[in-house]
Amino acid sequence: MTASSGDDRPGRGLRSKPLRARRPLGDPPPPPRDARRPQAVAVADDSPAPEVHEPTAAEIGDAVIFARGLTKRYGDFTAVDRLDLAIRPGEVFGLLGPNGAGKTTTVLMLLGLSEPTEGFARVVGLDPAREPIQVKRRVGYLPDAVGFYGGMTGRDNLRYTARLNGLDRLAGDARIEELLRDVRLSEAADRKVETYSRGMRQRLGIADALVKDPTVLILDEPTIAIDPAGVDEILGLLRRLVAEHNLTILLSSHILGQVQSICDRVGFFSAGKIVAQGRLEELRKLAGGGAIAFEVGADGDPDAIESVLSRVPGVTDVAREPGDRPRWVVHSHRDVAAALTGALSAAGHSIDHLRRRGEDLLEIYRNLVPEERDGRVS
Amino acid sequence: MAASADRPRGLRTWLDRLAPPPRDPNATRRPEAGWRVIAAKELGDHVTSVRFLVLLVVIGIAAAVPLYFASARIRELASQITSNESVFLALFTLGPEDFGFLRADTFVGLFAPLLGIAFGFDAVNVERSEGTLPRLVSQPIHRDDVINGKFAAGLAVISLVLVAMVLLVSGFGIIRLGFVPDLSEVLRLGAWVLLTVLYVAFWLAFATLLSVALRRAASSALIGFGVWVLTVLLGSLFLLQLLANLVAPIPDQAFTEEDANAQIRAAQTQNFIKRLSPHTLYTEASRVLLIPIDPVSSGSFTPATIEEAIQAQDPRRYLASRLSIEQSLLLVWPQVVGLVALTTVMFAAAYVVFMRQEIRA
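As given, the protein sequences belong to chains Z and W, one line each in that order.
Under the working numbering, the first residue of the first sequence carries the number 6, and numbering increases by one thereafter.
Under the working numbering, the first residue of the second sequence carries the number -17, and numbering increases by one thereafter.
Bear in mind the hints are in silico, worked out from the structure with no lab data behind them.
Glycine is no exception: its CB is placed at the ideal position from the N, C-alpha and C atoms.
Be aware that a few hints might be false.
What the hints assert, rightly or not - Interface residues of chain W toward chain Z, partial, derived using beta-carbon atoms under 7 Å: (1) K23; (2) V108; (3) E112; (4) G113; (5) P116; (6) V119; (7) S120; (8) I123; (9) R247; (10) A248; (11) Q250; (12) T251; (13) I341.
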């Protein structure tokens, strides 16, 4: 608690320490997941919870977002389970997992909009549960399914945010103009938001999160319900913002493939726990366990191709995959791509497909969280 | 509010001025006063909304109908005036002889609650359904700024409508009928407007509670309307009396002193039950404020309680005699306190429920 300035009105203790949040009305918690299926990863699940100490400044270090043992329970249901997280300045961290894994709950706790049941969170060195105003002043937030006042223009919506952040009219308008240009909404700025497309709203949401000139940006499902071109545009915009403003970004998504290109590190979320986190390469290694798999497709007699493939040195197994076009999955313990192509072309087969498996996040995720194969992650 | 038109530039500039001035002219960030920013925006939404225009028309009609009857009868009254007393307040309290309830103060008591419900029933749930609430509370404001700002804006727009209505009726009386209010009448009218704002504030707080507790604006509006019909319309007609009779029937005969005491106790209980309704409290206080009587000339007794004062109100007599404004205020004080208490309880309930709710939809 280094920066507890006098901005939080004193004597209004009820607000600086929000009431213990309860389950939302009319929104019963999903049934406990543990009852339905086996636990994803058995790490420390039945062992007694280790004592969680309040983190010291040295432990937090330069982490912009820090969590230790962060837990949120609604009755019997544990939405977030002993989450540990440390995000460094300038990093783009992806919180990935299916819907209902606890991503939004985590984000709300980091913003001080929901009080943790246990554990500690520090955002820009502050405790969001105790100093939500200070935290919210520095953190821009794009909520899941962001909404705007449809009867107001895009510009007026941003003006309202600017005023809520205490920006005066002149400074606010200049900044809004600049942001609208950044998200390519200058043309549409004076149209009512109800006429905007989904992608435009999302871009307006990003501009809205940036109005306060934050040091941290938290984006909840920034690419959901947007067409592929729109996704590229939003990711490009985020990439540019990171480069230009040196922002630290925490983003959550259940569409792994879309966000892997901009994340420095990712954390896989499943049933309230982070089951794995790290750089993409680290996770790839972790998921594969040293084994490498290639998808191969080639013209010619399937049986001949299969025998060619299985004779390549280093190949441990060849499996044929069903489908219109014959495909084989070749397993090995080292990179045999060159050997495979060489052997196939030597045998007179032309290759129409060669891909190393485990390259993208979805496959890594599925390897790490086998029971999530029910298609809820895409 | 969802259905707000794009506001004209001049209005927006004016509304922006409502927000606090910067503490330091060089600083670009102002001290936080989130509720004022929210109130300014909500007020702007209200006064440019379709619902505001519709309600203005409805209130205008509701004021014009009693005024039509009052102006007809007030001429009769004026012709009987012997002293130089003014009959100005009769504009608000006179109705046609055969339909006594068609008078402005009764109309306001019956229909002003709809103002409160109309400007409160969708305060929070629309922010939720439109997905603007998470964005709003992630700004550096306290969570209760949202509900405080919205309540303040609702109160402001309600006051605006009521004051406009009273000024219109007064203007009609002054210009068309030539009745000019004296100072005490202006004060009485002012006190009555404050009382009415307080009464509507109760309904606004109630509607705000509904908007917090119910996810859908439609169900919130429906329940608000239903409660209004039940307590104000049916309640003032017969329901409250029925309830009072059920709970504390007054014995028919009183032969002994004990019987008489039992009657009095039962009557007191009945009064208490009726006064649980804000409409009863408002009607009682409203009558005492608008129909002054003089305790000395109005008979052999001095009204010590509000019932006595109301019972002593004889329309033929009040021209000649009047209660001073201080005395009237003293009489309505318990009713005012009761209304304040009810409003506070409602608002506190809305506040607590909102503070404890999850932000997440």
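Okay, the hints, checked on the actual structure:
no. : hint : result
1   : K23  : holds, 6 Å
2   : V108 : violated, 10 Å
3   : E112 : holds, 4 Å
4   : G113 : holds, 3 Å
5   : P116 : holds, 4 Å
6   : V119 : holds, 6 Å
7   : S120 : holds, 4 Å
8   : I123 : holds, 6 Å
9   : R247 : violated, 42 Å
10  : A248 : violated, 41 Å
11  : Q250 : violated, 38 Å
12  : T251 : violated, 36 Å
13  : I341 : holds, 5 Å
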